[in-house]
Amino acid sequence: MGTDVIDRYVTDLGSRLQGSKKHVRDLLTETRDSLEDATEAHLDRGLSEDEARTRAVEEFGPVKEIANEYQAELAVAYGTRTLVWLAIVLPLMHMAWEYGRMLLVGPWQDLGTPTPSWYLVVAKANDMTSGAASGVALVALVLGRILARKYDTKLLAKLAASIAILAVGAVLLGNVAIIAATAHVDVARLMQSLPMSIASLITWIVIIRLGLLARRCLSCATIVA
Amino acid sequence: MKPDALRGHLDALLLATLDGRQLHGYAIIEALQQVSGGALDLPTGTVYPALRRLERAGHVVSDWSTVGGRKRRTYRLTQAGQKALHAERSAWREFTTVIDGVLGGGGKWAQT
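Taken in order, these protein sequences are the chains called B and W.
When we follow the working numbering, the leftmost residue of the first sequence carries the number 1, and every step to the right adds one.
When we follow the working numbering, the leftmost residue of the second sequence carries the number 1, and every step to the right adds one.
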């Protein structure tokens, strides 16, 4: 049946796409509009309803090929969104945690047990990781815009996903390192303040959420042929 | 014209089609076919990812609006898009001048 040709095509296309629901919906709405417009144009040229719809779908292109091009754009859009989150959330999260620590716990040096110098190095490295990861995400966003037309979309999508994974990985590693170092120096410090324990828990929830975003970003980029 | 030959020029063709006007996807496709007398024969589905790529580069912006009872995404050039189009036109003129100098020679080497 003629009507089903467009429905089937749009459904088939949608089933092959992965990305932000809004972006997928927008692309599919635009696809359906285009197919309906093409059908109307063919009807005006004297084709029957069924012929017009079939011709519109044929002209749109093989679903596998079109899905591949759409997916590359969806993957880049998802990568961009993830990098924006990383660029904004990581420094905010770190500043909030540090401000809370200074307010509720005070400087590391003022704690009961002596703080070895290597611990301060680990703490400093952890501080820098969030800033560096955020900075890398920001640079990637700017470069992505400049290089949007110069490089293959599929390559840009994979690069964005890789940067997101590495940035979240570095932040994760920094947080694991500071927790392990704190436990090694004085395990009581980990439980010294209930509000700080809650703040740490929130930090971990945010990192895990960013990690899931980065993983989905990679999944969107790697299903592109 | 073969789709593969067109693909490399698709961005420039889309920028030129949107020069001084705001169009939705299918109107862009129709305009391209009209101007080329039907010679530009790309799968129409490839135009939409290309428009998104131009949007990502900041060369076009899009808005959703309801036209004739149907939601349509319409595109227009930005200032950066105008500049990019200008650069594409200059590069194309330079390219065709050089290639024409070689191919349009009428086989003068064969005659000498």
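Please keep in mind that the hints were generated in silico from the structure rather than gathered at the bench.
Treat the hints with care, as some may be off.
[What the hints assert, rightly or not] Derived lysine-lysine pairs resembling DSS-like cross-links, with alpha carbons at most 25 Å apart:
1) B:154 with B:64
2) B:21 with B:154
3) B:22 with B:64
4) B:64 with B:21
5) B:22 with B:124
6) W:83 with B:21
7) B:22 with W:83
8) B:150 with W:71
Consistency of the hints with the structure:
1. B:154 with B:64: 15 Å, holds
2. B:21 with B:154: Answer holds: residue 21 of chain B to residue 154 of chain B is near 19 Å, not above 25 Å.
3. B:22 with B:64: 21 Å, holds
4. B:64 with B:21: 20 Å, holds
5. B:22 with B:124: Outside the cut-off at roughly 40 Å; violated.
6. W:83 with B:21: 33 Å, violated
7. B:22 with W:83: With Cα atoms ~30 Å apart, residue 22 of chain B and residue 83 of chain W exceed 25 Å; violated.
8. B:150 with W:71: 31 Å, violated
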